[in-house]
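Here the protein sequences come in this chain order: A and B.
Position in the first sequence (first residue = 1) + 34 = our numbering.
Position in the second sequence (first residue = 1) + 21 = our numbering.
Be careful, since some hints might not be right.
No farther apart than 27 Å at their CA atoms in a straight line, the calculated lysine-lysine pairs in the BS3-like style are these [said to hold, decoys possible]:
#1 B:Lys143 - A:Lys36
#2 B:Lys204 - B:Lys185
#3 B:Lys185 - B:Lys143
#4 A:Lys187 - B:Lys185
With the Cβ distance kept under 8 Å, some of the chain A side facing chain B (calculated, not the full set) [to be verified]:
#5 Gly52
#6 Val71
#7 Arg80
#8 Leu119
#9 Glu122
#10 Ala123
#11 Arg188
#12 Arg214
Computed footprint of chain A on chain B; a stretch qualifies when at least three of its residues, placed anywhere within it, have a C-beta under 8 Å from a C-beta of chain A [stated by the list, open to error]:
#13 51-63
#14 93-107
#15 111-125
Keep in mind the hints are simulated off the structure, nothing from the lab.
Note that beta-carbon positions come from the ideal geometry of N, C-alpha and C, so glycine has one too.
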Amino acid sequence: MKALLIRDIRLAVRAGGGFGLGLAFFLIVVVMVPFAVGANSELLSRIAPGVLWIGALLACLLSLDRLLALDFEDGTLDLLATAPLPVEAALSIKALAHWITTGLPLVFAAPVLGVLMNLPLQGYGWLVLSLLLGTPALSVIGTFGAALTVGIKRGGLLLSLLVLPLYVPTLIFGAEAARRGATGADVSTPLLLMAGISAATVALMPFASAAVLRVNLR
Amino acid sequence: MTLTVTDLTIARGGMPVLAGVSFTLMAGHALILRGPNGVGKTTLLRTIAGLQPALGGQVTGAEDQIAYAAHSDGLKAMLSVRENLIFWAEVFGQTDIAPALVAFDLCDLADRLAGTLSAGQKRRLGLARLLVTGRPIWVLDEPTVSLDVASVEMFGTAVRAHLKQGGMALIATHIDLGLLDAKVLDVSPFIARREVPLGSSDEAFL
């Protein structure tokens, strides 16, 4: 399992691995927003948590179709399926590697970009915490979507359509927690709900992902 | 240890392609599968490897014993030859990749990126992966594609060494591998009649 994790991270950071893809996309989206909505700092600080969350979510979505498609094309998935490692474990590890190479950099980049969005000072901690708790759910749900569309040529569109609705609960509670944090309101309810969603998806989704992947490998 | 296939019916896309395939493979023996293109050799091997369910019949003795190698080798272009092999060795709980490098003459290439290898060298690396799995049953689908004569000989030697250690090999191939005492099974007589009633379809979608 460690071997798979190390391999995935190593592949991501080598040339053509797409490590910077999500991060660059996140950066561009958030930098563009103040240009588009105008230099109204009050408006910007009001929409900051939502924009940062949407940016993180789309950046995560962007990297999903590489998650399993490359391993499918070169036959790695067939070979992994015949290896002693259960498919559930292999997919959990791949989701973890995806989170480390995509979700975690977003978490670290978010407070820096928060400055551009004039995020109120009290909101930074909650923004980072909400992203830290929410992005694992994005990675596991995304792995499920990738497993579902793995055999399909250019399944990126289908993948987005399937995964985005599943991302909605995480987005609602994550952005709500960040927004309440920024306005100084009580964040515990949305934060706990989102942590619950993350915990449940991390625990259950790998089984669903493995089931659909086995069907797709036939 | 024995691999037994009993009255196996296999399907591709829900349609039966081969029916009633039976054979027994004992430790230390090899079985060569022959048959024209599209007859279902790959599907048969994938079914035996457990990658897809059979429509009927049984495969016994295959559980967690099979090292499968198909047309694509599962190599990562951006990892070196050594890193690719170490990865697969660790996945299968092994550590030593040196014998595999030696057997397929990859020592000089060990630190090259797999993406920079020629097709034949990639194929040799894909076959070297079999040695690092430590699994006794090799299920090989056209293992000699893009290999030159010397490499085919190298592969034949590796298979004979594997058989001598009590391993088994099930190989679909069109060429002579120099495995003199290997049995040959022509799968053409097993072609399923299309009107064979379908069991449960293996297609979950469509």
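Results of checking the hints against the structure:
1. B:Lys143 - A:Lys36: OK: Lys143 of chain B and Lys36 of chain A at ~25 Å, within 27 Å.
2. B:Lys204 - B:Lys185: holds, 16 Å
3. B:Lys185 - B:Lys143: Between Lys185 of chain B and Lys143 of chain B the Cα gap is close to 26 Å, so the pair holds against 27 Å.
4. A:Lys187 - B:Lys185: Status violated; Cα separation ~43 Å.
5. Gly52: Interface hint status for Gly52 of chain A: violated (11 Å vs cutoff 8 Å).
6. Val71: With Cβ-Cβ at 40 Å, over 8 Å, it is violated.
7. Arg80: Since the shortest Cβ distance to chain B is 44 Å, the answer is violated.
8. Leu119: holds, 6 Å
9. Glu122: violated, 15 Å
10. Ala123: violated, 11 Å
11. Arg188: The hint is violated - Arg188 of chain A has no Cβ within 8 Å of chain B, the shortest such distance being about 17 Å.
12. Arg214: Constraint on Arg214 of chain A not satisfied, violated at 42 Å.
13. 51-63: Not satisfied, violated; 0 residues make the cut.
14. 93-107: holds (count 9)
15. 111-125: holds (count 4)
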